[in-house]
Amino acid sequence: MEVSDAVERISGRMEAKGIAVDRSKIESKIRRLVEEFGVQLAEAERTVWNEMAREHSLPSPGARAQEREIQGLTAGEWVTVQGKVVALTSPPTPAIAQAGILADPTGAIRFTVWARAKAQSLSAGTWYRIESAVVDEFRGVEKLNIHSGTVITEVENEAPLIPKIIPIRELRPGVGSVRVKVVQEWEPSHERMLQTGLLGDETGTIKFTIWRDDGKEKLTPGKVYSVYYALVDEFNGRLQLNLTSAMYLPEEGDIRVSEGEASRGVIVHLAPGSGLIKRCPVEGCNRVLSRQNYCPVHEIQKTFRYDLRIKGVLDDGIRTRNILVQKDLVEALSGMKLEEAVALAESSPLGMDEVFYRIRDAVLGRYFQVRGSEMDGRILVKECQRIAFDPADLAALLNRAGGEAK
Amino acid sequence: MMNGRKAQGPRPGQTFDREPARRVFAGELREVRLQFREGEDEKSPSFVLLPTGARCNRIFLVGTLTEKDRRGDQNVFYHARISDPTGTFFLMAGSYQPEAMQQIARIDPPAFVAVIGKPNLFESQTGSLLVSVRAESVTAVDREIRDLWVLDAARATLDRIDGMGTTEDSKRAQDQYHTDPAVYRKMVYDALAQLKI
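Chains H and F are the protein sequences, given in the same order.
With our numbering, letter number 263 in the first sequence gets 263, and the count goes up by one each step, no holes.
With our numbering, letter number 9 in the second sequence gets 9, and the count goes up by one each step, no holes.
Each statement offered as a hint is correct.
Derived DEER-like restraints, expressed as beta-carbon distance ranges:
(1) F:Ala182 / H:Pro391: 23 to 31 Å
(2) F:Gln174 / H:Pro391: 29 to 37 Å
(3) F:Asp159 / H:Pro91: 51 to 59 Å
(4) H:Gly253 / F:Gln174: 52 to 60 Å
(5) F:Glu40 / H:Lys302: 49 to 57 Å
(6) H:Gln184 / F:Glu123: 55 to 63 Å
(7) H:Arg264 / F:Thr166: 17 to 25 Å
(8) H:Pro296 / F:Ser46: 32 to 40 Å
(9) H:Arg264 / F:Thr66: 25 to 33 Å
(10) F:Gly127 / H:Glu340: 49 to 57 Å
(11) F:Lys171 / H:Arg139: 39 to 47 Å
(12) H:Ala362 / F:Thr66: 18 to 26 Å
According to the in silico footprint, chain H covers these stretches of chain F (three or more CB under 8 Å from chain H):
(13) 19-28
(14) 137-148
(15) 153-160
(16) 188-195
Source of the hints: derived by calculation from the structure; they are not laboratory data.
Keep in mind the model is a prediction, meaning the values are calculated, not measured.
We treat Cβ as the ideally placed atom computed from N, Cα and C, and that holds for glycine.
Chain F with its partners taken away, still in its complex shape (with noise of 0.2 Å):
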């Protein structure tokens, strides 16, 4: 199971590396099935496995806050949906996002916002499978910033598409998603075309 660790996981008796936070749409993330640990510590860093094939841990993305929703009494939480051209994120901010929280407190939606945070993989009450992001930190953008994040991950899941089969994690991707590039490139071209130019 955890045999694919070579290709970019955190090397032994190197100092600390902070993970990369990765560009991704909403239309890829959606379709994430499997979540691992790398190692066995309990603070190794968990990643998702992304269908183009690359790990993360953490993710960067820019959309519309379309929604907010306060929830709890003693433990506050907020629950956020954020849209991007290829579909939606669903967003996540409790007491151990203090920050976070009270960023989307203060934000009143429709906003762009630009989100760093970590995705999860969790199990509904129904039975199926959904993937969260745990917001780190959310900060109100204007529509430029926008438009340079769809740039920067069209060109990201463009670069993970032409390496797919050449990385561990690629191969593993394909081995669980059975990926279609073509899929993918549409979703792509589709999202920047909503641009203009």
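Extracted from the complex, chain H is given alone in its bound form (with noise of 0.2 Å):
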């Protein structure tokens, strides 16, 4: 969104109400606003044209007939929209008629059709004028309620509605459009469950669930889609996205998913669980058996399958990360690759210590870049470089330090 067109919205409207304007001092209105205050431009767009319907006695927003977009609604307003449903969900109790999600050119949000209502049953893909409904907050996201006191009317409306791509970090609770690929799948953990995994685009990934529902198909691992007004939601601190009621299409090409922050730092401790490990062979498990072949869950194992791992720690000197590196990674760092670890361990007098003293001699005390998303406090590193030396820092330090003594 640029400032010039929300000049031409706020001067259009206002022409249409036959009032003429200057558009250098809105822009300059709103540029002050924006530029020495920080304001977002959507609300300043707001502030300005609250201000310049106020100066022409303009019914303001909250009274009758001026309606808002739905963008910017905040709880405990009275408000009068213009929308299409785009998603009906199935009511969670029967004290509610209706629910899905209502949007506009601006944005979208989640409505509620409460029993009492009486009201008309809206159907999806309708433009509807929503008058006097009341905005309010669920769980941390605006809801737009429809009460016995909104009336609603059905538009005649052909604009096609062009749902707003975010970015995944700029995903907030309520409802979001995203173009992303479907990175993991994971194994459903509820027989309602169509499919979960996560999803992730350049800035960041979030979980994914589809619940199972008439014509719901899955997402393709690997895949990258358009997925038009999904819900998200917050839970334990963290965002997920609902597809169930979303729209999404499969697109073309590729995006490269963003692995997490990069974090710099000498590796200063291996802990123990590093290096060669047993895995527990059955089906789904894939836990560390002790040193007596023993896992937690299935207890005695006759088989196991060999990998290798670091759990180590990484320090920049100001604070420590745990983190977690797998097999492909630490064959690169280590310079050795499974099958001659296992051959090591099994010739060796020290076994698999053999191959964690190696692995410690090779990694321990060196400078690393790692990348990866953290989980519980541990970073399970997908990319992992080793710092080179750049004489251009040499310069810059002796620079900084010469600065003042010289």
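Could you fit the two chains together into a complex? Lean on the hints.
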């Protein structure tokens, strides 16, 4: 969204009401709010519009007839909006007649039609003007409530509605549209669950869930999709996407999914459980076996699967971070393939400890930059590089140290 | 004595945080004269206070192992000297640090080594205070890692100098050491000047 668009919108709406406006004055007002006061553009537009509406004694928002944009609605307001029902979801209780998502070109909001409202039934894909609805907040999400005093009128609107795609990092609880790649598919934890996993874009990753529903299809791992009007929920401080009522269309192309923030530091510790390990062979278990081949769940195992990993501590001198590095990267860092590690453990008198010592001597005390997602205070490393000496750093530090001493 | 603890100490009720390994040149560590314990518990961590104003429980250093000396019969332990561009670190590894001891045993001087260890202040037989480093781990590394460490230690020292007077620990360090920042700035400059561009 550009300042000039906002100026055009305000001017257009003013002129439509027969009021002449000075575009440069509107622009300077908006710019002042945005540039000097750091107000978001949408909020600045709203503020300037309200100010001018008061000036020309136009009915202020909340009063009859003034339609509001869906973006920027806040809890506690009585509003009139015009929007398209883009999704209907199954109501969680009989007290609610209908629930779903209402969208206009600026955004989308969840709505609830209370059974007591005895309102007309809304149908998906139709535009409505909804007068005197109440915005409230439920679990941190703004919601439009349609009650007995709300007047609903169907309106004709053939204009195509293009949802605004936003980066994953900017999602907030409510409704969101994203362009994403299916990064991982996980085992569903519930029989009503059709699919769950991880979606990602250039800015981050987010968990998604699709519940079983008529005509719902699964996403294909590795493919890119545009997802329109998914529900964004917060759970245990984390956002997740519910795609059950959303529209998702496969797209061409690929997305380079963000691997998380880079952390730099020295590996200062290798925890026990690093090096060559044995994993439980039971389908879907994969737990690490103790030296006696004991799995905490499936008890003593006769067979097992070898694996390599590093559980370590990365330290930048200010803070320490736990890291977990999987086989492929351990092989690259230590220069030892899994088969070589197994052969070494089987021939060395120290057994698997010998592999631990080899890996320790290869990585401990070295500088690395790692990237990965963080889970339970541990970085699951996806990318790991040795940091190389850069003469530019030396020159910069010499300047910094010499700046005052010389 | 113990009132400067708000700044960086572990907070009660928090999960255990590993103490970071500070980057410090030998020339600064040598000047340390204050060691204190955080809290009453015998397991609570012990810190030395650096002249540039940070507490440290653990340090990371890279330098040249120049000498190693195996002592004791029943209780074997190693003494080693490790030099950096500003001076010498005195390293100790005894039977409580079996891993570090075995590592030192296998490295022949001279060699570049990376050391993670804990600094300790002790009084020598002649009554002077000395700082030694009790090694947790010693690995052989190459010159590039040493050069990276010099940059790292230089950056950390300059950061501490720039932060002097802004934290409880640095105010305490000024009371204790009357640190002249220019001395440490020059030490950093001289250390960096020894690296080849």
